Amino acid sequence: MNGRGGLWRDALLRLAANRVACASLAILMLMIVAAIVGPLLLDYRQDEIDWAHMAVPPLTAEGHWLGTDRLGRDLLVRTLHGLRVSMGIAMLATLVSLAIGVSWGAVAGYLRGRTDALMMRVVDVLYALPQVFFVIILTVVFGRSPATLLVAIGAFGWLTMARIVRGQALALREREFVEAAIVGGAGTARIVTRHIIPNLLGPVIVYATLTVPQVILVESFLSFLGIGIQEPLASLGNLIADGAVEMETASWMLLVPASCLVLVVFCFNFLGDGLRDALDPRDH
Amino acid sequence: MLAYVARRLLGAIPTLAVIVTLSFVLTRLAPGGPFDEEQALAPEIRANLEAAYDLDQPVAIQFGRYLAGLLHGDFGPSYKFRDFTVTELIASGLPVSLTIGAAAIILAIALGIPAGIWAALRQHRLADRMVMSLAVAGISVPVFVVAPFLALVFGIWLRWLPVAGWTAGRPGDLVLPVVTLALPVIAYLARLTRGSLLEVLRAPWIRAARARGLAPRRILLAHALPAALLPVVSFLGPAVAAVLTGSLVVETIFGLPGMGRHLVQGALNRDYTLVMGMVIVYAALMIALNLAADLAYAWLDPRIRRERRL
Amino acid sequence: MSGLLELRGVTVKYTLTGGSRRRELTAVDDVSFTLQSGEMLGLVGESGCGKSTLGRAILRLVPLSAGEVHWQGRRIDRLRRKEFRGLRRELQLVFQDPNACLDPRMTIVESVAEPLRSSEPGLPRAQRIARATALLDEVGLDSELSDRYPHQASGGQLQRAGIARALILDPRLVVCDEPVSALDVSVQGQIVNLLARIRRERGLASLFISHNLAVVAGLCERVMVMYLGRIVEIAPRAALLPAPLHPYSRMLLDSVPRISPAARRRPVAVPVATDPDAPVAGCAFAARCPHVIAHCRSELPPLQARPDGRLVACHRAAEWPGGLPPATA
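Protein chains in written order, with the numbering used here: chain A, 31 to 314; chain B, 3 to 312; chain C, 725 to 1053.
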């Protein structure tokens, strides 16, 4: 384990030793590939109506592995599409909040003093707002498009990231190894790139991993209520809402998308916890 | 302590002001007016409608009138429910929402904290593992999955409880909504109580109490629990937020005529005044209950209590 | 005459925020001394007396509130940051906590080699690593440890690395800020011996900061005693140990571990935040001094030279020209 990147390789080895996290990662990879490729390989399109097989339970009709809904649409295809939409929005929103949060937090933590106080005041005020309700207002005002949803969720998602990054940046600046680098003659640019950022990266990766399932939950929550992703576009949320309506006669319509959602959320959380353990060298 | 209360109360006012202003400004940013979706209104009818809702005035005046109304408890007319004012809708929904919300919180405290204590006292044993696995599930599975699932199992398959409805507070109608809302809070409380109690039990002053020969029961009840429950109290604020957010789903699924359902309806209808009014009431509730939780914490924590008095 | 390093009236104040009033804490108060080329000068005082702040102020890790720092006759405290960076290779620091002063995400040899990046930008990586490895060998760090990360090494090993990093630029002065106080007692002696050997072999000057008079007396020819931000006595080791002139120096000497439990019970001085508008008058040590007189409480004793060249800041020092005897329990 020589040279640069060695620490990351150690972290990877530790992650590899964590069975739950590895299984979660494998399942997530599988689900992502399935969500992207699956609908292309299956025989049905997501809005295609199979007049001969309406509301059939899983494994009973040829080609409909997970059954069909009330309109005869293939549930597997629709769930994969829903997964694609939900994950896509979640990852994009996470990227948005990552970009805003990291730069906001890093600038505040680096400049310190009055600028920092002002910038963090903004975060505090936004934090005090009931976020879900403001996302609802935003979707009411700007329409229920995936883009609105993305912006509305991203608009709040960056707050915690900004706090984490700022706290880290502030703490890192005070750390002795930064002073040691200054004494060694390092300039600001190298201190930031060689010492601050590499030490920030761990918590940022962990928190980003844990943000994805949160965004999935908020988006599905809104889509479930009918305020998020709209038919005919499928999202895990509106599929669950459909299933809830039909659950008396077609419980699989609820159980399939619901288990898919729960599985994704579980896997992201386990992966995030595993990354947290793997990336912190001090605990080992 | 009094100064602390006063400062926290004053601190809540700007937050509320920001919420009111922001929701007002956001709804006025909306492209097009609220009546655009109606079929081709005659210009004079449209003008009359807009005059009736103050929409022909400059935004500053609209805001001023809205604020003046708010101070009298008047949230303005609903754009879509033409026969009701927003205030009437809030008045009809609030008792329902508060009932299930309060019941859920009480249920969560009654079950979550004892479960956490039990798990902590049986650390690494079967009971602990069971409680903690259930807690992880309770935290990870969202309300909008739990609610239909419980309805499916207990309402449809087992037929023990009504699936939906609200017959003037028939207790059976409340069971599923309250349990659904309480589950994630129970899970959080159990996990938090367990972690906090385990930490306290390992603290040197508890070991010292044990070394002095105090009875285990007394150590737990008189020394460990009061200290361990402090972080649990501070979680009640976020718990209230979770319950209020969850109530949107629960009221929609179980068909309860509460504020959450009005809010969802309003959002679906793009009924700005209704959504705004509901959001303001929800926000005010959250701030007030958060404040109550913080004050309870400050009052219970001797360190803060003393310090503030000096 | 000007030495290698000369401080004149150096003062460092911290502003305390929080609370209703702005308050100031004077960590270093009007400190002046000269360090000669190749000299090892000790600085002792209790925890919190400002000795670390003084070390940091010399290296510009803490801004001066007043005073001047001269390096080889040239004033350096007013230099621009870029200009000062050129001086970094002459002035180095060994940190107190070897665990905290190495980046946890770099291997030990990378950390040691890092200063070469700025002092010799053209040097290829392989050569930087080779120089660092050679130096790590010189300070007695096992070569197989050099590719490890800080969390994989012990405190003593890390402090050897910290010393190597301070030496890699071949400086003329190394400020050692409590370099052994974070280490196990069994390792402290090894590191002290290492520092003595390096100093002997390389002939570099050092300001050695410690709260442990025994360690300082073992290494340094000349010792400064600091109390609450002020230097109260500067004397050659040979003169200070048998005959301290300042009552605080006497107290420090008396507290060097002995069997008697009474001697171990020494009160600790804590710097007090003061109102900048109402400075405290008199000698800071008056409250603890067994020889205190009324005059001590009203007027600050200046650091004055005696005919024999020793410096002391005490109104009554003239009363005991042969030094203060040990306190009788």
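These are calculated hints, taken from the structure and not from any lab test.
Please read these numbers as outputs of a predicted model, since none were measured by experiment.
There may be inaccurate statements among the hints.
These stretches of chain B come out as covered by chain A in the derived footprint (C-beta under 8 Å, 3 or more residues) [unchecked claim]:
#1 21-30
#2 148-156
#3 216-228
#4 271-278
Estimated spans, in silico, between C-beta atoms of each pair [to be verified]:
#5 C:Ser878 - B:Trp207: 40 to 46 Å
#6 A:Trp81 - B:Gly257: 28 to 34 Å
#7 B:Gly13 - A:Arg49: 44 to 50 Å
#8 B:Pro228 - A:Leu293: 36 to 42 Å
#9 B:Gly257 - A:Gly93: 47 to 53 Å
#10 B:Leu12 - A:Ala147: 16 to 22 Å
#11 A:Arg49 - B:Pro228: 46 to 52 Å
#12 C:Gly797 - A:Leu231: 41 to 47 Å
#13 A:Ile62 - B:Leu123: 54 to 60 Å
#14 A:Arg49 - B:Pro259: 44 to 50 Å
#15 A:Leu141 - B:Leu302: 36 to 42 Å
#16 A:Ala147 - C:Gly864: 45 to 51 Å
#17 B:Glu90 - A:Leu293: 40 to 46 Å
Simulated coverage check for chain C against chain A, where a stretch passes if three residues somewhere in it have a Cβ under 8 Å from a Cβ of chain A [stated by the list, open to error]:
#18 765-779
#19 1023-1032
Where is the CB? At the ideal position from N, CA and C, for every residue including glycine.
Right, here's what the structure says about each hint:
no. : hint                            : verdict
1   : 21-30                           : holds (count 5)
2   : 148-156                         : holds (count 5)
3   : 216-228                         : violated (count 0)
4   : 271-278                         : holds (count 4)
5   : C:Ser878 - B:Trp207: 40 to 46 Å : violated, 32 Å
6   : A:Trp81 - B:Gly257: 28 to 34 Å  : holds, 32 Å
7   : B:Gly13 - A:Arg49: 44 to 50 Å   : holds, 47 Å
8   : B:Pro228 - A:Leu293: 36 to 42 Å : holds, 40 Å
9   : B:Gly257 - A:Gly93: 47 to 53 Å  : violated, 36 Å
10  : B:Leu12 - A:Ala147: 16 to 22 Å  : holds, 19 Å
11  : A:Arg49 - B:Pro228: 46 to 52 Å  : violated, 40 Å
12  : C:Gly797 - A:Leu231: 41 to 47 Å : holds, 46 Å
13  : A:Ile62 - B:Leu123: 54 to 60 Å  : violated, 42 Å
14  : A:Arg49 - B:Pro259: 44 to 50 Å  : holds, 49 Å
15  : A:Leu141 - B:Leu302: 36 to 42 Å : holds, 38 Å
16  : A:Ala147 - C:Gly864: 45 to 51 Å : holds, 48 Å
17  : B:Glu90 - A:Leu293: 40 to 46 Å  : holds, 44 Å
18  : 765-779                         : violated (count 0)
19  : 1023-1032                       : violated (count 0)
When the structure is compared with the earlier hints, violations turn up for hints 3, 5, 9, 11, 13, 18, 19 and for no others.
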